[in-house]
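Residue numbers (the working numbering), protein chains in the order written: chain R, 1 to 417; chain E, 1 to 301.
Keep in mind that a hint or two might mislead.
[What the hints assert, rightly or not] Now the in silico label distances, taken between C-beta atoms and shown as ranges:
id	chain 1	residue 1	chain 2	residue 2	range
1	E	Gln66	R	Ile86	24 to 32 Å
2	E	Ser98	R	Pro229	45 to 53 Å
3	E	Leu254	R	Tyr416	48 to 56 Å
4	E	Met218	R	Pro229	52 to 60 Å
5	R	Pro229	E	Lys114	29 to 37 Å
6	R	Gln401	E	Ala168	47 to 55 Å
7	R	Gln401	E	Glu93	43 to 51 Å
[Said to hold, decoys possible] In silico BS3-like pairs for lysine-lysine, Cα to Cα no more than 30 Å straight-line:
id	chain 1	residue 1	chain 2	residue 2
8	R	Lys226	E	Lys114
9	R	Lys208	E	Lys114
10	R	Lys343	E	Lys237
11	E	Lys211	E	Lys32
[As the list claims (entries may be wrong)] Here are some of the chain R residues that sit facing chain E, going by a computed Cβ distance under 10 Å:
id	residue
12	Ala59
13	Arg76
14	Lys226
15	Arg318
The set of hints was computed from the structure by calculation and includes no laboratory data.
C-beta: ideal position from N, C-alpha, C; glycine also.
Listed below, chain by chain, are the residues.
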Amino acid sequence: MSQNPSANGPIQSLFLGPAEAPVDYRGGKLVHNLILFGRVCRALGMGVTPNRMMEVARALAHIQLGRKQDFYFALRAHLVTRRRDIAYFDEAFDLFWRRPADGFTTLNLQSLGEERRKRQTQFLPPLDATPSENGADADSIDSSMIALVPTYSQQERLRNKDFADMSADELELAKRAIAKMPDSLGMRRTRRFENGQGRQINLRRLVKDMIRKQGDVARLPTHRHKEKPRPVVLLCDISGSMERYTRVLLHFMHTLAGSLYQVESFVYSTDITRITRQIRQKNVDDALADIGATVLQWGGGTMTGECMHRFNWRWSRRVLGRGAVVLLITDGWDRGDIPLLHKEMARLKLACRRLIWLNPLLDVPEYEPLTRGAQALLPYVHDFLPITNLANLDAIVAALQNLDARPSAEPYRRAYL
Amino acid sequence: MHNSVDDLQQALSQHDYIAERGLSVAIYLALKTGKPLFLEGDAGVGKTEIAKVLAAMLDAQLIRLQCYEGLDINTAVYEWNYAGQILHLRLIEREGLSRQDMESELFSPRFLLKRPLLQAIEQSHNGAAPVLLIDELDRSDEEFEAFLLELLSDFQITIPELGTLKAAQPPVVIVTSNRTREIHDALKRRCLYFWIDYPQFQKELEIVERKAPDVAPMLARQITAFIQDMRSLELFKRPGIAETLDWTAALIALDQSELSLEAVQDTLGVILKYQDDVEMLDATTIQNMIERARVEAQRAS
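Okay, chain R solo, but in the shape it has when bound (with noise of 0.2 Å):
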């Protein structure tokens, strides 16, 4: 269903008795299943309190709960928030008001709930479990709600990455480097001011001050711009050969992400997944457990440029505003479309403030970037930094903190290109 529901028929015959009855949901069963599709609702991501629940039966009694096109309107504009929550709404919402076969609803939301309590990030129960024959048995559950529900397929399961076995040393480093990570990377200037030394002359500061003096001030009160962290996008390459580095960067993807403003992370081989939400956890195991199962491109071959051409498409306008510094963590080892290559990083150095590529084989004496991949990014970064453990951040540390340094990446410009 993408605009218009599929069926019009109208509800009340379904839950109130005849459509020509009059109105009256206090004393019919509509509260009770706009509770029920309140919780499904709910279950499926959507941030919907008791409260808003209430609004809503309150804004039901404006529109003609005839029309089922408008009563869903009037749901969606309450439950929805976002629009990726679009389609789970109207799924669910065709779903739960649809002709009951019997009963009033179909879903047994207490067993939904005893489900929920056996295990913990479902709420329905597994892909192999078998839904009875008789889809209207009230303790039975839909089969066709499993597809809707954002969770994990056994599939996406068995490609799972292990994260769990990280050795002691590996965490030790870890918390090392932690504690060593700047708190921004650069800073701008914004438009708003804080009281401090500065050049512009703090008005309302002045009134005051002359008001309290009778007249006359012996010094001006200032105030200056107001400085924020730049906001960091971090790019990460988990192709084949960037194997053996995957595990220790996206550790180092983590503590970035935690301990910087404003990090957008991704992870890309043939496809690029943002990973924002996952990383951010605070339990390093349980972040990356989660990534290794929400990404399935690992080890692919690498296409760097469709990649960065759909980061540039659906993502940098929504994660590339206000300075952004972009990190880029790849060996430079390239299968995709060079020319595109070219054309996406020439877009991606424009969108951002700072472009930098952070290689693991950087550190490597014999390296030179001579790969297709690395002749194809090195004209468009601003720094080039090796990148190959999580103990040797110092050097990557200094060179984050002054980032309006000459760009780093100019010597390797005029010895390889």
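Position chain E against the provided structure of chain R, taking the given hints into account.
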């Protein structure tokens, strides 16, 4: 006042705004329940226009607050006229007023500069509640969002020197966002949310014919079909309804009665604003799209 969604939809249409059913329901509920309406959608789908049409329809004043990063209370709510205050202070300082008298003299409504949000609250005391448009909220920063959260829940503003002002009746609030960043859920939850999509062929054709009455019927259909087709391409910025209307005006100005390769190439800058997008449409692609638009237009008539 409108007594049903149908009424409202008709009234909107009388003001040349063709709204889809879902949007009409959202607007209707916003008017009835007094909740702000939060509209998201790509640029040029008519988010801002709704506020203008609503103001005209309700015969209310439209107060617009264009958001930008760093928008603060001084530009959004109120500011004191400091230059005036200092001058006045010079005049009265010899009178030997007490500090308190001086303060109440200087921080009086006389020196208060009212910015849009304060205007909206004040207007509501003069009879009709105004329509308050908070445009492109995604461009403001979190600090302003947090302030707005407070304002939208009880429509009152506190000025330390003057006291608290409360709206007599809450203004009709329209908040728009282009989704260049995600607005915090807390704010969205206080509003009714609607995602405005690009219109379907029939709807867009209706809009074109309504907004440009002197367009030849065949040209209108071809334009609409062409733009609809164009939106299916992978463009960096897909053309909105605003672009459709601009393009229609451009083609009328150039005396075109049908789409031709030349006319499209000459006016491509009206629809596409990124060089990458323009480059994507070479002569053969455009020619094919024109052919398809002709067929589609023929079928629609």
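How the hints compare with the structure:
Take glutamine 66 of chain E and isoleucine 86 of chain R: their Cβ atoms lie about 28 Å apart, and the range 24 to 32 Å holds. The hinted window of 45 to 53 Å between serine 98 of chain E and proline 229 of chain R holds, with their beta carbons roughly 46 Å apart. Separated by about 51 Å at the C-beta atoms, leucine 254 of chain E and tyrosine 416 of chain R satisfy the suggested range of 48 to 56 Å. Between methionine 218 of chain E and proline 229 of chain R the Cβ separation comes to about 56 Å, which falls inside the hinted range of 52 to 60 Å.
Range check, proline 229 of chain R to lysine 114 of chain E: Cβ separation about 34 Å, and the 29 to 37 Å hint holds. The hinted window of 47 to 55 Å between glutamine 401 of chain R and alanine 168 of chain E holds, with their beta carbons roughly 53 Å apart. The given range of 43 to 51 Å is respected by glutamine 401 of chain R and glutamate 93 of chain E, whose C-beta atoms sit roughly 50 Å from each other. With a CA separation close to 24 Å, the supplied pair lysine 226 of chain R and lysine 114 of chain E stays within the 30 Å bound.
Of the pairs offered as hints, the one joining lysine 208 of chain R and lysine 114 of chain E holds, with about 20 Å between alpha carbons and a cut-off of 30 Å not exceeded. Simply put, lysine 343 of chain R and lysine 237 of chain E have alpha-carbon atoms about 17 Å apart, close enough for the 30 Å limit, and the pair holds. Proposed proximity of lysine 211 of chain E and lysine 32 of chain E is supported: the alpha carbons are some 28 Å apart, at most 30 Å. A hinted interface residue such as alanine 59 of chain R counts as satisfied when its beta carbon comes closer than 10 Å to some beta carbon of chain E; here the least separation is about 5 Å, so the hint holds.
Interface hint at arginine 76 of chain R: satisfied, since its Cβ lies 7 Å from the closest Cβ of chain E, which is below the 10 Å cut-off. A distance limit of 10 Å between C-beta atoms decides the matter here; for lysine 226 of chain R the minimum to chain E is near 9 Å, and the interface restraint holds. Below 10 Å, beta-carbon pairs count as interface contacts, and arginine 318 of chain R has one with chain E at about 6 Å; its hint therefore holds.
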